[in-house]
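Protein chains in written order, with numbering that gives the first Met the number 0: chain A, 0 to 176; chain B, 0 to 149.
Treat each hint with caution, since some may be false.
What the hints assert, rightly or not - Keeping only pairs whose Cα atoms sit at most 35 Å apart, straight-line, the calculated DSBU-like set for lysine-lysine is:
| id | chain 1 | residue 1 | chain 2 | residue 2 |
| --- | --- | --- | --- | --- |
| 1 | A | K80 | B | K92 |
| 2 | A | K76 | B | K35 |
| 3 | B | K24 | B | K35 |
| 4 | B | K35 | A | K105 |
| 5 | A | K61 | A | K105 |
| 6 | A | K31 | B | K24 |
| 7 | A | K34 | B | K92 |
Worth flagging that the hints you see were computed from the coordinates, not collected in a lab.
The model shown is predicted, which means the values in this text are computed figures rather than measured ones.
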Amino acid sequence: MRTLKVTGQVVALAAVAGLLGLLVWRLTHQPKSPKIGAPAPGFSLRRLDTTGTLSLASLRGKPVVLNFWASWCVPCKGEAKMLEAASHRYRSSGVVFVGVDWHDVKSDARRFLEAHGVTYPTVLDGSGSVTDRYNVPAVPETFFVDRSGRLVGEHVVGTVVNQKEKFRSGVQAALGS
Amino acid sequence: MIVRLAAICTAALALAGPAAAACAKPHTSLAAMEGKIMCPTCHTTLDQSDSAAALRIEHFIQLRIDQCATEAQIEADLVDNFGAGILAAPPRKGFDLLAWWLPIGGIVLGALLLALGVWRWSRVRGPDEAAERLDPDTEQRLDELLARLD
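Using the sequences provided together with the hints, build the complete structure.
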């Protein structure tokens, strides 16, 4: 009977320790905003504009503008044309624009790209796992990555249309000037 | 006259198109699926959300229902698009089976522990009741008293 009592106590203690461990793990693994100067969280996601995948690592050596968006997001519609125009303007400087489509239906996203004439590479983050690593709670949001794959400049929260100066500074920071 | 006739024909075709595309005997309904699919941006099921993302997913589900897709096919499409997290309940295979069996195991273990506790408690209570039993003299006097009252 005593053995049974001790076993019960050990099981109860183990259960409490396990739950405490889970709590600590959850608290220490909360998503944190990526810091300026830190490596941009990497990803390899399916492309929406064509077949295959695109990884951030494959763009190493090029300045990158990462725009998180969704077809159901109204402000995203407002900034799509400006981003497309900017992608053309900075193409000669080697800047690559990449769209990361968040929690979206593929067919809706493709229609959006067509309707707004978006031609730069776009990937689908359907589960939101990559967007979570950038700690993006809502779209649109735009990040800037320099040639060494580090986050630079201040990322634009909300539409770039209302924050043109911040957007321009971000691109310049990615270019390293 | 010809222009008017052409306009009527065009309108009729435009209306007939979606009607013809709709499934005559749908395998499921939006109402049946709304509680089984999560809204990825608000972390509730679709029936509890009016967010833009939820509305688009509902639209997609309705579109697939109209194409005569089964519930399993629609769920597979959604998992392919959004990942397994889009399902309100985890799949009943592989590692996800744990999510189904762990609660059942917990309930069974709890019931066993409860039964064990009750059994032990009843065993401990036994001698206490014996200790509270009246001594033979008192018991005899009590019986006589009760007999007199009768």
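Structure-based check of each hint:
1. K80/A with K92/B: Violated, at about 45 Å.
2. K76/A with K35/B: Distance of about 30 Å is within 35 Å: holds.
3. K24/B with K35/B: holds (21 Å)
4. K35/B with K105/A: Holds. K35/B to K105/A sits at ~20 Å (cutoff 35 Å).
5. K61/A with K105/A: Measuring from Cα to Cα gives roughly 27 Å; hence the hint holds.
6. K31/A with K24/B: violated (49 Å)
7. K34/A with K92/B: Violated, at roughly 39 Å.
When held up to the earlier numbered hints, the structure conflicts with 1, 6, 7 and fits the remainder.
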